[in-house]
Every structure is written in C-alpha cells, then in structure tokens.
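Line order of the protein sequences matches chains A and B.
In case it helps, our numbering puts the first sequence at residues 1 to 114.
In case it helps, our numbering puts the second sequence at residues 1001 to 1115.
Each hint can be trusted.
Restricting the straight-line Cα-Cα distance to at most 20 angstroms, the calculated cross-link-like pairs of lysine to aspartate or glutamate (EDC-like) are: (1) K1102/B - D107/A; (2) K7/A - D107/A; (3) K65/A - E86/A; (4) K1073/B - D1026/B; (5) K1096/B - E58/A; (6) K1078/B - E1017/B; (7) K65/A - D11/A; (8) K1102/B - E54/A; (9) K1102/B - E58/A.
Just so you know, these hints were derived from the structure itself, not from any lab.
As the structure is a prediction and not an experimental result, all values here were calculated from the model.
Single-letter residue listing:
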Amino acid sequence: SAVISQKPSRDICQRGTSLTIQCQVDSQVTMMFWYRQQPGQSLTLIATANQGSEATYESGFVIDKFPISRPNLTFSTLTVSNMSPEDSSIYLCSVSGGSNQPQHFGDGTRLSIL
Amino acid sequence: AQTVTQSQPEMSVQEAETVTLSCTYDTSENNYYLFWYKQPPSRQMILVIRQEAYKQQNATENRFSVNFQKAAKSFSLKISDSQLGDTAMYFCAFMKPYDTDKLIFGTGTRLQVFP
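Turn these sequences into a full structure, and let the hints guide you.
Listed below in structure tokens is the structure:
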C-alpha cells in the first residue's frame, strides 16, 4: 500500500491563527480525503480532494474554514483557519488507490489550540 | 443515509484468548464494502480486514476473521490468540461503491489485551 507522510505530526497553536497540514504520498493516487477526529471520538470526513477539481465538502464543513489544495496526484494540504479551542483534534489524511479500494491513512496531526 | 453502530465502547481480553467485536450497519444498498480499522495509541489508522457484500465467504486475515451476516446487517470481528499489540481502538466502516468512496465510521470499540 501507499506510504503516506503527514506534517506536522503535532502542533500547539494560538486561537485566531491558521495552520496548514501537508499530506504527501509516495505514489500517484486519484482520491485523497481529510478527516477530523475530535478527542475520544470517531472519524468524521471533512472533504474529498481530487486533483484538478474543487474539493467536495461534507455537511458542516466549509471552504472558508478548511481550505484544501490538491496541486498534483501525490500531494494535498488542509488549512485550519481562524482556529478556536473547538478545533483541537487529530486531523488525518487518507488515500484511495481507486474506486472500491480501501483507504490508507497517514499518521495524523494532533492539533491543540490554546 | 448509511449508519454504522458499534455497541461496545470497551472490551477486554486476556492474552491468547479470543474476542469478538460487534458492528451493525443500516443501508438500503445491495452492493457495498465493509472494513475494520485498528487505531493504536500511536493514532495511525491501520486496515485490518475488508469484506465485499457480494461475497458470501467471510474474510480472514491471519488471526483476524469476520462474521458477515448480510440479512442481519451485522459485521463482527473475531480476534483469535489475542496479543498485547492488539490493544487499540477498533473502528468498523462502511463504503458504498461509486459514491466518491467515502467511508462512514462507527464510534469505535476500545480493546484492551491483558497479560
């Protein structure tokens, strides 16, 4: 399966600031996904990022808060904007090798907002 | 909309014993995929096993096997010969094919393996 590198692995940020999380894959993939995992909770899909098109956001998530870039088939970024303590979560990227294939995940970014 | 339910927030098992984690789901689809993922304290999500709904045979991966009951919409995970390294959160997930391949996760079961 693909090797997925996610940076940073963790960060502590001040409220009102923004942080960009990077997700790098060692092979070309069609679909990349961004998830949020709040403390003690399950994973919730933020958006699906396909190369060459706008990201598709799930209900409750908006582009102004979570802008996503997908410049090529091996890389994506998620920005968490104007952060508040409620944004403290683990953010994970995942990739799919194709339709009906399982998703494989990066190690996640643990984000804490003071 | 599809939903995934894991009714066991926590489970424990002694090393070398067998444990079964439960998962039920709700869908009107006939063709779909089901997965079990493991998340150890390191927080990485690791694929444990997958099942295609059109296959009647239960999937097996070494010590991990599933009991897939399509009519009952049940998808339990059996871990045999439990090891300390199996301690983790386990998430059941549903995927409807050709629908952007989105995963819908259950709430998870925390498994503790005791020596």
